[in-house]
Amino acid sequence: MTTIPLDHVLILPVLLFALGVIGVLVRRNLVFILMSIEIMLNAAGLMFIIAGARWGQPDGQVMFLLVLTLAAAEVSVGLALIIRIRHRLTTLDSDAADLLQG
Amino acid sequence: MNATFYLSAAIAVLSTVLVITRANGVHALLYLVVSLLAVALVFFTLGAPFAAALEVIVYAGAIMVLFVFVVMMMNLGDAAAVREARWMEPKIWVGPSILAILLTAQLAYMLDSNTMSQPHHAIVPARAVGIAMYGPYLLCVELASMLLLAALVGAYRLAHTEHGRL
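First to last, the protein sequences are chains C and V. At position 54 of the first sequence the residue is numbered 1285 (the numbering used here), and the sequence of numbers has no breaks. At position 77 of the second sequence the residue is numbered 164 (the numbering used here), and the sequence of numbers has no breaks.
No lab work stands behind these hints, which were simulated from the structure alone. We put the CB at the ideal spot given by N, CA and C, even for glycine. Treat the hints with care, since some could be wrong.
Have a look at the derived ranges for each label pair, beta carbon to beta carbon [what the hints assert, rightly or not]:
#, chain 1, residue 1, chain 2, residue 2, range
1, C, R1285, V, M160, 23 to 31 Å
2, V, L194, C, D1324, 15 to 23 Å
3, V, P177, C, G1287, 40 to 48 Å
4, V, N111, C, L1246, 20 to 28 Å
The task is simple: from the sequences and hints, build the whole structure.
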């Protein structure tokens, strides 16, 4: 039983999270920004699973389930907001929506 | 099974890079689905089969379908049908298909009884997750249900207008 080294496993969520951050910073399209946030949430969930697997406890998977719930709630509200912004500003550029007072 | 982990991780990183560099939303979504499937396979190699199944069903299934719906809704109009036909050209499907076939081959290899009998990590079964969830984490489950209810009401209110159209 040769376990995969923990420091190798930990590189993957770090890389995925960094890619998500880059996506949020670089892209101006709101749909892409939401996708990058999903990538980051998924990386956080992966980190929980890795920690749970390291100690062989179910707690990591429970926290992943809660992250999954959070992601579903966040996507539904985020996509509704995107539909609203698209309807009002007729663009998906995040720089166009820089005023809180519509 | 070490090789399975490293190959799935490489596919996950590669497809995520392709997600944030695509110009087109639908193409990015195809790669995002592949990325999530690769992460699900990583869960499987880490001994979390229940989380892997949920990743496929909820993330790659339900949440991505929401994204696809909204991206398609953004492009209603006369030019949309022509553009959509152009998006769905066969060469668009080649990249995600190759990565998905690689993942399927790995899954088939892992389901081989020889490798399954020697897991790398101790498998935490769904039963243990359920017992923990409805034991010490019961309050978290209640809070998650409240969060989902709030998201339901919020999404309904935000996407709804007086004229009943968007």
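Does the Cβ-Cβ separation between L194 of chain V and D1324 of chain C fall within 15 to 23 Å? 40 Å, violated
How does the Cβ-Cβ distance of N111 of chain V and L1246 of chain C compare with 20 to 28 Å: does it lie in that range? With Cβ atoms ~24 Å apart, the hint holds.
Has the hinted range 40 to 48 Å been met by the Cβ atoms of P177 of chain V and G1287 of chain C? 45 Å, holds
With 23 to 31 Å as the target window, see if R1285 of chain C and M160 of chain V comply at their CB atoms. Violated - the Cβ-Cβ distance for R1285 of chain C and M160 of chain V, about 42 Å, lies outside 23 to 31 Å.
Taken one by one, the earlier hints fail for this structure at numbers 1 and 2, listed in ascending order.
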